[in-house]
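K.L.:
All chains should be built: construct the whole structure from the sequences, respecting the hints.
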Amino acid sequence: MLKILKYSFFDLMRSRWSYVYFGFYLLLGVVLLFLNNDLSKAVITLMNVIIVLVPLIGTIFGVMYYYNSKEFSELLLAQPLKRSSIFLGQYLGVALSLTMSLILGLGIPFVFYGLFKSNAIWDFSLLLITGTFLTLIFTALAFNIALSNENKIKGFGYAILLWLFLAIIYDGIFLMTLIFFEDYPLDKLSLVGTMLNPIDLSRTLILLKLDISALLGYTGAIFKQFFGTSFGLIVSFIMLIVWVVLPVLRIMFKSKRKDF
Amino acid sequence: MVSIENLHKKFGKNEVLKGVDLNIKSGGIFAVLGPNGSGKTTLIKSVLGMVIPNKGTITVQGENIKKNSSYRHNIDYMPQIANFPSNLKVKELIKMIKDLRNHTNDDQNLIQLFKLEPFLDKKLGNLSGGTKQKVNIVLTFMFDSSLIILDEPTTGLDPISLIRLKELIQTEKKKGKTILITSHIMSFVEEVSDEIVFLLEGKIYFKGTISELKTKTNQPDFEHAIASILSDNNA
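Chains as they are written, first to last, in my numbering: chain A, 244 to 503; chain B, 924 to 1158.
Since the hints were derived computationally from the structure, they do not count as laboratory data. Remember, it's a predicted structure, so these values are computed and weren't measured experimentally. All C-beta atoms, glycine included, are put in the ideal place defined by N, C-alpha and C. Among the clues, some could well be false.
[Said to hold, decoys possible] Between beta-carbon pairs, the in silico distance windows are: (1) A/Val-488 / B/Lys-1018: 33 to 39 Å; (2) A/Arg-493 / B/Asn-1010: 49 to 55 Å; (3) A/Gly-266 / B/Thr-1027: 54 to 60 Å; (4) A/Asp-281 / B/Pro-1041: 56 to 62 Å; (5) B/Gly-935 / A/Leu-278: 52 to 58 Å; (6) B/Thr-1027 / A/Thr-472: 57 to 63 Å.
P.N.:
Pasting the structure below:
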């Protein structure tokens, strides 16, 4: 698996898109710091960008890489390699190169601005960790979609729909439910609702850490009340890990049963 | 070498293999023939583990291939259409495959044999179909495996390369290897193969030597023998 990971990773490192992605984050970091002049405020703005953008890039890159490397996969399938190691290797190659673009792109401007001397360092690290989780989750979901759909256009369509659903539509439906059932106790429902969406979960996680009650919203407040800050952090981390593990297991399961 | 028992494979509603039983002994060249869509590639891909059968067992050198990947160390496979990752250079691809399997030094001889030196630094996406096929041949023959599977190996080759390929196949045969070939070029099959396996509508219609086929169909030459099978079965 490590060999496949290595080849996929270097293949992506040579591609133009990794640099575009890296450059975008670099620019974003520099511009935000320039405009805000304050590390903590820049972190909050970044959160809003990362939470929507990282899943989108992860999904698109994942689907695109799978379909583009179809020939490569077929070549590998005839070699004495396990199927799970071929696809997990490719998955990790994509996810790691995206993560690297994210961490380096945002990290470099913040480090130069004096991150290590400021007390925003933990908030910023948490932001990068959440970004990494979101990359791992959405790339894995994208690989799942691509493995289940031979048709490229369909695969892309489903991937975009998935992102749209989790990033935007889900919140809408969630809010509607809360308004509709406002006469009932909704604590448990909103807790579960937050956990079932990795994007909401990441947002709550970061806001819990930043401790900005004004931005927490209803679910965040319940989260905090229910779990307390530190236990809430742990629970949301565990949920994020579950969100990575389940799609990865399905990649292994699905790839073992697929015909090429 | 390879034994296949009661192999069934469906793609959706399309039943491609309907109970194939086949035994291929060690040593010699076997040609798998059949009209388009008769299941040749599916059969070969099942042996390679790329297609997962609905029913039936396949063993390669006594090893059941189900949930197994190490048996492919003994197989060299040349796919039908040479589809390679287009942003890799020829050199890098050869190095990568060597890295993934055992190391070998046979690639240098083969590169010389097929005159591929000028293409080593070019990207695979920029090569012509025939050159890609030559790279395909190098990748297949550079390892010393006891079973070689060639799916339409002659596609796009110029006459000189075709002669070299035939020589290569004969040398490998002399080493006692088993070679499985599919092809639509009847003259090529007649020239190289020891035995043929004829697939028709997902079943084995005939297995034996070419002269046996001629006697069975009462035809003077191989091409007509095949044609008569096809017209008798309305395929």
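K.L.:
Run every hint past the structure and note whether it holds.
P.N.:
Each hint tested on the structure:
A C-beta distance of roughly 34 Å is found between A/Val-488 and B/Lys-1018, which places it inside the suggested range of 33 to 39 Å. Checked against the hint of 49 to 55 Å, the C-beta distance between A/Arg-493 and B/Asn-1010 comes to roughly 29 Å, which is inconsistent with it. Between A/Gly-266 and B/Thr-1027 the beta carbons are some 41 Å apart, a value that contradicts the proposed interval 54 to 60 Å. The hinted range of 56 to 62 Å is satisfied by A/Asp-281 and B/Pro-1041, whose Cβ atoms lie roughly 59 Å apart.
A hinted range of 52 to 58 Å for the beta carbons of B/Gly-935 and A/Leu-278 is consistent with their spacing of about 56 Å. Checked against the hint of 57 to 63 Å, the C-beta distance between B/Thr-1027 and A/Thr-472 comes to roughly 59 Å, which is consistent with it.
The earlier numbered hints that this structure contradicts are 2, 3.
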